[in-house]
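In the order they appear, the protein sequences are chains A, B, C and D. For the first sequence, the positions run 295 to 561 when our numbering is used. For the second sequence, the positions run 295 to 561 when our numbering is used. For the third sequence, the positions run 295 to 561 when our numbering is used. For the fourth sequence, the positions run 295 to 561 when our numbering is used.
No lab work stands behind these hints, which were simulated from the structure alone. Errors might be hidden in some of the hints.
Note that the list lumps identical chains together, so a pair holds whenever it fits in one copy or between two copies.
Simulated crosslink set (EDC-like; lysine to aspartate or glutamate; CA at most 20 Å straight-line) [as the list claims (entries may be wrong)]: (1) Lys557 <-> Glu493; (2) Lys338 <-> Glu496; (3) Lys338 <-> Asp317; (4) Lys373 <-> Glu554; (5) Lys373 <-> Asp326; (6) Lys404 <-> Glu554; (7) Lys557 <-> Glu520; (8) Lys418 <-> Asp490; (9) Lys373 <-> Asp447; (10) Lys418 <-> Asp500; (11) Lys387 <-> Asp447; (12) Lys338 <-> Glu370; (13) Lys404 <-> Asp317; (14) Lys557 <-> Glu496; (15) Lys557 <-> Glu440; (16) Lys338 <-> Asp358; (17) Lys418 <-> Asp376; (18) Lys373 <-> Glu456; (19) Lys557 <-> Glu370; (20) Lys557 <-> Glu497; (21) Lys373 <-> Asp317; (22) Lys544 <-> Asp475; (23) Lys418 <-> Glu456; (24) Lys467 <-> Asp447; (25) Lys557 <-> Glu541; (26) Lys338 <-> Glu489; (27) Lys544 <-> Glu440; (28) Lys557 <-> Asp376; (29) Lys338 <-> Glu493.
Quick caveat, the model's predicted, so the values are computed rather than measured.
There are 4 protein chains.
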Amino acid sequence: MTPPYPDRPAAAAAAIAVADNNDHLVQSDNPDHPANLIPALCAKFWTLGWVTGTGGGASIRDDDLVYLAPSGVQKELMKPADIYVLSLAAQAKSLDRRSRVYLRSPAQYKPSQCTPLFLAAFTKRGAGCCIHTHSQWAVLVTLLLETRGSGSDGEFCINNIEQIKGFGRGFQKTGNLGYHDTLRIPVIENTAHEEDLTEFLEEAMDRYPDTYAVLVRRHGVYVWGENVHKAKTQCESLDYLFQLAVEMHKLGLPWMTEIEPVKTSRS
Amino acid sequence: MTPPYPDRPAAAAAAIAVADNNDHLVQSDNPDHPANLIPALCAKFWTLGWVTGTGGGASIRDDDLVYLAPSGVQKELMKPADIYVLSLAAQAKSLDRRSRVYLRSPAQYKPSQCTPLFLAAFTKRGAGCCIHTHSQWAVLVTLLLETRGSGSDGEFCINNIEQIKGFGRGFQKTGNLGYHDTLRIPVIENTAHEEDLTEFLEEAMDRYPDTYAVLVRRHGVYVWGENVHKAKTQCESLDYLFQLAVEMHKLGLPWMTEIEPVKTSRS
Amino acid sequence: MTPPYPDRPAAAAAAIAVADNNDHLVQSDNPDHPANLIPALCAKFWTLGWVTGTGGGASIRDDDLVYLAPSGVQKELMKPADIYVLSLAAQAKSLDRRSRVYLRSPAQYKPSQCTPLFLAAFTKRGAGCCIHTHSQWAVLVTLLLETRGSGSDGEFCINNIEQIKGFGRGFQKTGNLGYHDTLRIPVIENTAHEEDLTEFLEEAMDRYPDTYAVLVRRHGVYVWGENVHKAKTQCESLDYLFQLAVEMHKLGLPWMTEIEPVKTSRS
Amino acid sequence: MTPPYPDRPAAAAAAIAVADNNDHLVQSDNPDHPANLIPALCAKFWTLGWVTGTGGGASIRDDDLVYLAPSGVQKELMKPADIYVLSLAAQAKSLDRRSRVYLRSPAQYKPSQCTPLFLAAFTKRGAGCCIHTHSQWAVLVTLLLETRGSGSDGEFCINNIEQIKGFGRGFQKTGNLGYHDTLRIPVIENTAHEEDLTEFLEEAMDRYPDTYAVLVRRHGVYVWGENVHKAKTQCESLDYLFQLAVEMHKLGLPWMTEIEPVKTSRS
Chain A
295 MTPPYPDRPA AAAAAIAVAD NNDHLVQSDN PDHPANLIPA LCAKFWTLGW
345 VTGTGGGASI RDDDLVYLAP SGVQKELMKP ADIYVLSLAA QAKSLDRRSR
395 VYLRSPAQYK PSQCTPLFLA AFTKRGAGCC IHTHSQWAVL VTLLLETRGS
445 GSDGEFCINN IEQIKGFGRG FQKTGNLGYH DTLRIPVIEN TAHEEDLTEF
495 LEEAMDRYPD TYAVLVRRHG VYVWGENVHK AKTQCESLDY LFQLAVEMHK
545 LGLPWMTEIE PVKTSRS
Chain B
295 MTPPYPDRPA AAAAAIAVAD NNDHLVQSDN PDHPANLIPA LCAKFWTLGW
345 VTGTGGGASI RDDDLVYLAP SGVQKELMKP ADIYVLSLAA QAKSLDRRSR
395 VYLRSPAQYK PSQCTPLFLA AFTKRGAGCC IHTHSQWAVL VTLLLETRGS
445 GSDGEFCINN IEQIKGFGRG FQKTGNLGYH DTLRIPVIEN TAHEEDLTEF
495 LEEAMDRYPD TYAVLVRRHG VYVWGENVHK AKTQCESLDY LFQLAVEMHK
545 LGLPWMTEIE PVKTSRS
Chain C
295 MTPPYPDRPA AAAAAIAVAD NNDHLVQSDN PDHPANLIPA LCAKFWTLGW
345 VTGTGGGASI RDDDLVYLAP SGVQKELMKP ADIYVLSLAA QAKSLDRRSR
395 VYLRSPAQYK PSQCTPLFLA AFTKRGAGCC IHTHSQWAVL VTLLLETRGS
445 GSDGEFCINN IEQIKGFGRG FQKTGNLGYH DTLRIPVIEN TAHEEDLTEF
495 LEEAMDRYPD TYAVLVRRHG VYVWGENVHK AKTQCESLDY LFQLAVEMHK
545 LGLPWMTEIE PVKTSRS
Chain D
295 MTPPYPDRPA AAAAAIAVAD NNDHLVQSDN PDHPANLIPA LCAKFWTLGW
345 VTGTGGGASI RDDDLVYLAP SGVQKELMKP ADIYVLSLAA QAKSLDRRSR
395 VYLRSPAQYK PSQCTPLFLA AFTKRGAGCC IHTHSQWAVL VTLLLETRGS
445 GSDGEFCINN IEQIKGFGRG FQKTGNLGYH DTLRIPVIEN TAHEEDLTEF
495 LEEAMDRYPD TYAVLVRRHG VYVWGENVHK AKTQCESLDY LFQLAVEMHK
545 LGLPWMTEIE PVKTSRS
């Protein structure tokens, strides 16, 4: 799958896109093509309660091309023909950060308000996939943190749980977190308009250069990764930890502990 | 799909219906035909715990025709041939509000007691689809409200949760609720006979002209929308909020909060 | 589907059964044939957590014939060829209540210890289907009752919940329970051997002639009905009420309440 | 299915394996072949929340051959071609316990760190299948035990619950546990590297010769059995008991009780 028109200026590409709407960009027999994967992933996420009632979504980047679910669709019913496609190069040349030029726009839909947030993961972190969930566990974690009051409400921390190993050590680093490492996920405040989250998401990325996720208070979470595999498995591990954290809170168990590493015959 | 006999008087239509039972009204290869959609939706709702043990149901209106699930069927096993069809125009001409003339009645079933409640959403609010669930989250919310005592037990309120944006602003209004808006869902008391809920449901619609849902104490919820998409996604968003509200209550978190809107570069 | 050899003595039928193992009794293209229905139902029950780890099961009676799942099988993987078949008439003529003559016994399995409990529902109540679940909600309800101490620990009671209408009024009675009626389910103590529950289950049926279910402390529940439809939907409604009851207990809400019936325009 | 090269020295077998990678070892039309069963089981376990985010896994032994899932794959998407195969005989002849010679290694993967733990169940207990889950119920049980402080935090005990009958009485013993028996599952502390758990898992097997499972603090559980059926149903029963135990704790109900056995007409 080669990105179309790689050496033409973005404006020309956009002009052509308008003419034929580039339907070929979302037509493939390959189940791993982004236009097939996004609907398959979103159907799975629906069963997990991540994208209830048209909330949440997912986006995949393949080199210069970004594939996006439209706004307001039932995520378990999405089809490849519903997918928007955007060129990062064309987007970079746009003078107005808020306007976007789509190589392909399905006539019956509106672009998702999540688009600039997905783009932040792609452009600032080189992510290949970004997932946004409205998981109740994510929301409940931000609500529990909120009761701690300003100062300690902006970060979810957990350590000494095996599932933490499901996360990479960070941007341009190799390897994964260890069992005793602390997973830190920044929390940003929700805004009235989802697009307005972008500046705060980007700030959080700057403050937490190694994070693969940002929680949004009373809203959900954005999780990304180098590729679909990593974004999806990190999102699963994180949702697992959020659910565990809520249950731990109900049982009076702290999220952070000091544990002496076990002495092994190798240590 | 055109409504049958649009220009004949209702009585004549009913007479013809009795003769051939209008099986063609529920026979279509189109998966979006109401007679196919209702069984597909109910099977999905069964997996969500919304229509357990034959409880709950769904109805779709297509112009003058109303498609209804029968009483007492296993909702995940329903078939198009099980569907009742009724003409709103014929119904409007009936002198007795409690009697109903069906264009199609499956011989082996009885009409659902929910019928007049679904009709209220169609005639008073122009809804295209109405869903009734026995979701435990809906029931638990009404039970929690009940403990607050008379006066404050008749309304579920929640604000400052992103999923609230899943609701339209109201009848004949455009746009959706915002993040900071308060979602208000009236609660009516349950009656011994489901049909008797109708007058109270209609009263609640009058008192809350913009609501898309009415909770029924110790029973469940009725949710509607302009079309199937909106009724279903609003029902999902509402069930999400009911579940979240129960979990928030367990964690000692209030449903209503005062939150200062975030200042963005646009505000 | 006619029962085989209706006019031959049971002993002769059993002798023939031994000869050819009556495989035709479990071979049918009809998805509603008991030998097809039991595996389909058990697969569904597995997803509900009712028959985890080979626990629980289901049996269907068709006139004189009783179809039974074998002992110790993975309930979601069962096949029609795994099903035992037994003649009630032959069984009635047996001098030893504990011995059973099967018309068909799959060679590789052992009969289920639940068999005499299912038979009690068929012979004492004329049930057409009996379901046994290990649902955690059922077990938790019996544990919560146990803490009330002897005297009030032998009956689960709940009223004023719509889902109660999912139950028939009782043996040889017509109609269903009403919203304000109290659903009463007897609880019997668990025994070391499941077969030994039979006498206590039968006693409970005598003390509660109208019940369609018996809870077994720290074990699960037996639910039956006139036919598969009624047994299955009553079992679903009951599991719904058990789950609701546990959640109500967590939230400090009582299972029994006094509620003034709503005055309607009909009352 | 015969193990390949049964009478050749392990080194020779390994040399041949390197040459052709023994793809035939994972190619079969039989759905019960380990290379087909492991992906099918893992897909099922994913829906149960046991192998979220690439965590957990399963291994099957067929005589001398051990089939293993690779490291870091999405468990619900695994394919037969992803499976590693190892010879126990060849492994036994290896001088270095930490090195492993695979008859088949999929080029694109790394072996799972769980391998030596699975091997412990196969070599020390003659197991035919071993399952490792990250089930949150298992993790929460270890966290609840941890709060009891050293001395009583190393064993999960529960009695007088019917589902306990789902476990065999122990290694080289016949029959299953009874209702009144106490199920005891040892808990070992988690190590920074999963392989380092092996020595502690083996120690726990020595201290609890009859156990079919070992809990790992803040991590999950290893469960095995003579064959796939027993490993899987014991794992289900155990997860059921862990979930029940967490709910019992929330409701203030003890895991261990003294109950007078019921007197039956047989006792």
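Verification of the supplied hints:
For a Cα distance limit of 20 Å, the shortest separation of lysine 557 from glutamate 493 across copies, 11 Å, qualifies, whereas the shortest one inside one copy, 45 Å, does not. Proximity of lysine 338 to glutamate 496 under the C-alpha cut-off of 20 Å is found in neither arrangement, the shortest distances being 28 Å within a copy and 38 Å between copies. For the homomeric pair lysine 338 and aspartate 317, neither the shortest alpha-carbon distance inside one copy (25 Å) nor that between copies (31 Å) is at most 20 Å. Proximity of lysine 373 to glutamate 554 under the C-alpha cut-off of 20 Å is found in neither arrangement, the shortest distances being 51 Å within a copy and 39 Å between copies.
For a Cα distance limit of 20 Å, the shortest separation of lysine 373 from aspartate 326 qualifies both inside one copy, at 14 Å, and across copies, at 15 Å. Taking identical chains as interchangeable, the C-alpha atoms of lysine 404 and glutamate 554 are never at most 20 Å apart, the minima being 53 Å within one chain and 29 Å between chains. With identical chains, the CA atoms of lysine 557 and glutamate 520 are never at most 20 Å apart, being 34 Å at best within one copy and 32 Å at best between copies. For the identical chains of this complex, lysine 418 and aspartate 490 are intra-copy neighbours only, at 17 Å inside a copy versus 38 Å across copies, given an alpha-carbon limit of 20 Å.
Proximity of lysine 373 to aspartate 447 under the C-alpha cut-off of 20 Å is found in neither arrangement, the shortest distances being 39 Å within a copy and 43 Å between copies. Taking the closest pair of Cα atoms, lysine 418 and aspartate 500 come within 20 Å of each other only inside a single copy of the chain (9 Å); across copies the shortest separation is 51 Å, beyond that limit. For a Cα distance limit of 20 Å, the shortest separation of lysine 387 from aspartate 447 qualifies neither inside one copy, at 37 Å, nor across copies, at 56 Å. Within a single copy, lysine 338 and glutamate 370 get their C-alpha atoms as close as 7 Å, and across copies as close as 11 Å, so both meet the 20 Å cut-off.
Taking the shortest Cα distances, lysine 404 and aspartate 317 sit within 20 Å of each other inside one copy (17 Å), while across copies they are farther apart (39 Å). For the identical chains of this complex, lysine 557 and glutamate 496 are inter-copy neighbours only, at 15 Å across copies versus 41 Å inside a copy, given an alpha-carbon limit of 20 Å. In this homomeric assembly, lysine 557 and glutamate 440 come within 20 Å of each other (Cα to Cα) only across copies, at 18 Å, whereas the closest approach inside a single copy is 38 Å. Taking the closest pair of Cα atoms, lysine 338 and aspartate 358 never come within 20 Å of each other, the shortest separation being 26 Å inside a single copy and 36 Å across copies.
When the C-alpha separation of lysine 418 and aspartate 376 is checked against a cutoff of 20 Å, the pair qualifies neither within a copy, at 26 Å, nor between copies, at 34 Å. Taking the shortest Cα distances, lysine 373 and glutamate 456 never come within 20 Å of each other, neither inside one copy (36 Å) nor across copies (25 Å). Proximity of lysine 557 to glutamate 370 under the C-alpha cut-off of 20 Å is found in neither arrangement, the shortest distances being 48 Å within a copy and 34 Å between copies. For a Cα distance limit of 20 Å, the shortest separation of lysine 557 from glutamate 497 across copies, 14 Å, qualifies, whereas the shortest one inside one copy, 40 Å, does not.
In the homo-oligomer, the alpha carbons of lysine 373 and aspartate 317 lie at most 20 Å apart inside one protomer (13 Å), although the nearest pairing across protomers, at 32 Å, exceeds that limit. For a Cα distance limit of 20 Å, the shortest separation of lysine 544 from aspartate 475 qualifies neither inside one copy, at 24 Å, nor across copies, at 29 Å. For the homomeric pair lysine 418 and glutamate 456, neither the shortest alpha-carbon distance inside one copy (29 Å) nor that between copies (25 Å) is at most 20 Å. For a Cα distance limit of 20 Å, the shortest separation of lysine 467 from aspartate 447 qualifies neither inside one copy, at 27 Å, nor across copies, at 37 Å.
In the homo-oligomer, the alpha carbons of lysine 557 and glutamate 541 never lie at most 20 Å apart, since the shortest distance is 29 Å inside one protomer and 33 Å across protomers. Taking the shortest alpha-carbon separations for lysine 338 and glutamate 489, neither the intra-copy value of 25 Å nor the inter-copy value of 32 Å comes in at or below 20 Å. Both within a single protomer and between protomers do lysine 544 and glutamate 440 lie at most 20 Å apart by alpha-carbon distance, with minima of 16 Å and 16 Å respectively. Within a single copy, lysine 557 and aspartate 376 get their C-alpha atoms no closer than 54 Å, and across copies no closer than 34 Å, so neither meets the 20 Å cut-off.
In this homomeric assembly, lysine 338 and glutamate 493 never come within 20 Å of each other (Cα to Cα): the closest approach is 30 Å inside a single copy and 38 Å across copies.
Hint compliance for this structure: hints 2, 3, 4, 6, 7, 9, 11, 16, 17, 18, 19, 22, 23, 24, 25, 26, 28, 29 are broken, all remaining hints hold.
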